[in-house]
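Participant: So you can see what is in the structure, the chains are spelled out below.
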Amino acid sequence: MEYSLRAPVSENDLSLLRAGDVVRLSGELYTARDAAHARFGELLSRGEALPIPKGAVVYYAGPCPAAPGEVIGPCGPTTSKRMDRFTPALIDYGIRQFIGKGARSSAVNEAMRGRAVHFAATGGAGMLYASRITACELVAFGDLGAEAVYRLNVQDFPVIVSFDLAGTDLYGRITP
Amino acid sequence: MRVVAAQSLVEPVKRLCLAACCRLPQDVCDALASARSLEAEGSAAQSVFDQLLENQLLARQKNRPICQDTGMAVVFADIGREIWIDGDLTQAVNEGVRLAYTQGCLRKSVLDPITRVNTGDNTPAVLHIRLVEGDRIRLTVAPKGFGSENMSRLTMLPPSAGTEGILNQIVLAVTEAGASACPPVVVGVGIGGTMESCALLAKRQLLRTLGEPANRQDLARLETEALARLNVTGLGPMGLGGRTTALAVHIAAEPTHIAGLPVAVNLQCHACRHASEEV
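Which chain is which? The protein sequence lines are R and Z, in order.
Each residue of the first sequence is one higher than the last, beginning at 435 in this note's numbering.
Each residue of the second sequence is one higher than the last, beginning at 1371 in this note's numbering.
Do not take every clue at face value.
[Claimed, not checked] Calculated lysine to aspartate or glutamate pairs in the DMTMM-like style (CA-CA distance at most 25 Å, straight line):
| # | chain 1 | residue 1 | chain 2 | residue 2 |
| --- | --- | --- | --- | --- |
| 1 | R | Lys488 | R | Asp577 |
| 2 | Z | Lys1478 | Z | Asp1491 |
| 3 | Z | Lys1432 | Z | Asp1420 |
| 4 | Z | Lys1432 | Z | Glu1595 |
| 5 | Z | Lys1478 | R | Asp447 |
| 6 | Z | Lys1432 | R | Asp590 |
| 7 | R | Lys488 | R | Asp526 |
| 8 | R | Lys515 | R | Asp603 |
| 9 | R | Lys488 | R | Glu571 |
| 10 | Z | Lys1432 | Z | Asp1491 |
| 11 | R | Lys515 | R | Asp468 |
| 12 | Z | Lys1432 | Z | Asp1400 |
| 13 | R | Lys488 | R | Asp447 |
| 14 | Z | Lys1478 | R | Asp468 |
| 15 | R | Lys488 | R | Asp518 |
| 16 | Z | Lys1478 | R | Asp518 |
| 17 | Z | Lys1478 | Z | Glu1381 |
| 18 | Z | Lys1478 | R | Glu504 |
| 19 | Z | Lys1478 | R | Asp577 |
| 20 | R | Lys515 | Z | Glu1519 |
| 21 | Z | Lys1432 | R | Glu504 |
| 22 | Z | Lys1478 | Z | Glu1519 |
| 23 | Z | Lys1478 | Z | Asp1458 |
| 24 | Z | Lys1432 | R | Glu571 |
| 25 | R | Lys488 | R | Glu462 |
| 26 | R | Lys488 | R | Asp590 |
| 27 | R | Lys515 | R | Asp526 |
| 28 | R | Lys488 | R | Glu544 |
| 29 | R | Lys515 | R | Glu462 |
| 30 | R | Lys515 | R | Asp577 |
| 31 | R | Lys515 | Z | Asp1458 |
| 32 | R | Lys515 | R | Glu544 |
| 33 | R | Lys515 | Z | Glu1546 |
If you're looking for bench data, these hints aren't it; they were derived computationally from the structure.
Make the full structure from the sequences, and use the hints.
Facilitator: Structure follows, in structure tokens:
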């Protein structure tokens, strides 16, 4: 199936999505990759709030800096697996929608089952994704540069459901 | 003897960094387009290829990077032995990289491995120097993204493993990488030598024109066999299933020790970027 949905996706719509569905997201995403996740981990271990709202969509990405006249530089996905260590805690905190590339660990898949969805974006399509980003604002950890947390406004941001609420893993179906 | 001022290499290195990051080589574009035609109409694989082709076109038109991972700058300098370089070559190469990444709004991805503090300008470059015949300098810049670099491997196989063992290493590296390496990949394979020379040999194979066979017949046959085995895995573009998992396998060999069979498999994502210039 193909859908055009608001981001973050509503709970009702989330429950309708199945692994393999093509979704064009319009709304808000928050970037966070390795270094930001390390800080998320520290905050959560101290019982503190994250700098992103509960229910937000987390996009595993670290863009190039914007050139003059650009909203943002190329901004494709990075490998999701590297964030696995922090993901169950983020789900417990209330983050239920993730965008990245590649399969997750079985522990993360278990933590996501019935609670969270993973969307696959196309690695290496940095300019294509940048062309779907209409605004970019620094939210936290500015000292991390590309690895800081940015709020992105996106329009028709193309992704594929790779892990749905029913626990179906698109990568698991294909793994040779 | 020809004297070349080290400083005169700054601009070419800068230019090559920017060109490599923003323009996908024509052989790679062609390989993506022909791989697209092999996929089923309306398949996820075909839509991935459409996105990649649109993406490289956008990058070319706007002169901006194909991928946000503008990599570590791997610089190959083949220096004619009749040249005397006046000044510090390493410093000049790093200056070229610094200017490209800071002025060109490329991502700065290089940091200290322990403190994880970013150097701020994507230096230092990884510089490989080789002395060759003549009085010219051939510079090649290959920005290396780490989605694929992370999934590369080096194994010291026992000699008894033979070519079957080598093929297994290639297939394992690509299938275990899955989508992380951004398939369809280009696979550089080094066989023989010592641990470090084997790895460098593998990396150099990523600079070859896609699909141009090795100049040794036995290695060319091994390349064909490895590519066939990778493409029947069904992993496909971005691991979403499909007929093309690898665009090319490039293999080279060098003599090794009687006790060893080193095999390095260097994975390269579909954004197989490199640019060269002769000075």
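Participant: Decide, hint by hint, whether the structure agrees.
Facilitator: Hints, verified against the model:
Taking the CA atoms of lysine 488(R) and aspartate 577(R), the gap is near 23 Å; set against the 25 Å cutoff, the hint holds. Taking the CA atoms of lysine 1478(Z) and aspartate 1491(Z), the gap is about 6 Å. The hint holds against a cut of 25 Å. For a cut-off of 25 Å, the pair hint linking lysine 1432(Z) to aspartate 1420(Z) stands: about 18 Å separates their Cα positions. Of the supplied pair hints, the one linking lysine 1432(Z) and glutamate 1595(Z) is violated, its CA atoms being roughly 39 Å apart against a limit of 25 Å.
Restraint check for lysine 1478(Z) and aspartate 447(R): the C-alpha separation of about 38 Å exceeds 25 Å, so the hint is violated. With a C-alpha separation of about 21 Å, the suggested pair lysine 1432(Z) and aspartate 590(R) falls inside the 25 Å cut-off, and the hint holds. Proximity of lysine 488(R) to aspartate 526(R) is assessed by CA-CA distance (about 10 Å); at most 25 Å being required, the pair is judged to hold. For the proposed pair lysine 515(R) and aspartate 603(R), the alpha carbon gap of about 14 Å is at most 25 Å, so the pair holds.
Annotation: proposed proximity of lysine 488(R) to glutamate 571(R) holds, straight-line Cα distance about 18 Å (limit 25 Å). Taking the CA atoms of lysine 1432(Z) and aspartate 1491(Z), the gap is near 22 Å; set against the 25 Å cutoff, the hint holds. The hinted pair formed by lysine 515(R) and aspartate 468(R) meets the criterion: a straight-line CA distance of about 10 Å does not exceed 25 Å. This hinted pair checks out: lysine 1432(Z) and aspartate 1400(Z) have alpha carbons roughly 20 Å apart, not beyond 25 Å.
Annotation: proposed proximity of lysine 488(R) to aspartate 447(R) holds, straight-line Cα distance about 17 Å (limit 25 Å). Restraint check for lysine 1478(Z) and aspartate 468(R): satisfied, since their Cα atoms lie roughly 15 Å apart, inside the 25 Å limit. Among the hinted pairs, lysine 488(R) with aspartate 518(R) is consistent with the structure: their alpha-carbon atoms are about 18 Å apart, no more than 25 Å. Proposed proximity of lysine 1478(Z) and aspartate 518(R) is supported: the alpha carbons are some 24 Å apart, at most 25 Å.
As the CA atoms of lysine 1478(Z) and glutamate 1381(Z) are separated by approximately 19 Å, the hinted pair is consistent with the 25 Å bound. Distance check on the hinted pair: lysine 1478(Z) and glutamate 504(R) sit about 18 Å apart at the alpha-carbon level, within 25 Å; holds. Pair hint lysine 1478(Z) plus aspartate 577(R) holds up; C-alpha atoms about 13 Å apart against a cutoff of 25 Å. Restraint check for lysine 515(R) and glutamate 1519(Z): the C-alpha separation of about 15 Å stays at or below 25 Å, so the hint holds.
Restraint check: the Cα-Cα separation between lysine 1432(Z) and glutamate 504(R) comes to about 10 Å, which is no more than 25 Å; the hinted pair holds. For the hint pairing lysine 1478(Z) with glutamate 1519(Z), the CA-to-CA distance comes to about 17 Å; that is within 25 Å, so the pair holds. In summary, the hint linking lysine 1478(Z) to aspartate 1458(Z) is supported, as the alpha carbons are separated by about 23 Å, within the 25 Å threshold. Taking the CA atoms of lysine 1432(Z) and glutamate 571(R), the gap is near 22 Å; set against the 25 Å cutoff, the hint holds.
Note on lysine 488(R) and glutamate 462(R): the hinted pairing holds, with a Cα-Cα distance of about 13 Å set against a maximum of 25 Å. Taking the CA atoms of lysine 488(R) and aspartate 590(R), the gap is near 23 Å; set against the 25 Å cutoff, the hint holds. A threshold of 25 Å between alpha carbons decides the hint, and for lysine 515(R) with aspartate 526(R) the separation of about 18 Å falls inside it, so the pair holds. A distance of roughly 20 Å separates the Cα atoms of lysine 488(R) and glutamate 544(R); the hinted pair therefore holds under the 25 Å criterion.
Of the pairs offered as hints, the one joining lysine 515(R) and glutamate 462(R) holds, with about 22 Å between alpha carbons and a cut-off of 25 Å not exceeded. Distance restraint check for lysine 515(R) and aspartate 577(R): the Cα-Cα separation of roughly 24 Å lies within the 25 Å cut-off, and the hinted pair is therefore satisfied. For the proposed pair lysine 515(R) and aspartate 1458(Z), the alpha carbon gap of about 41 Å is over 25 Å, so the pair is violated. This hinted pair checks out: lysine 515(R) and glutamate 544(R) have alpha carbons roughly 14 Å apart, not beyond 25 Å.
Of the pairs offered as hints, the one joining lysine 515(R) and glutamate 1546(Z) holds, with about 12 Å between alpha carbons and a cut-off of 25 Å not exceeded.
Going down the numbered hints, you'll see the structure goes against 4, 5, 31, while the others check out.
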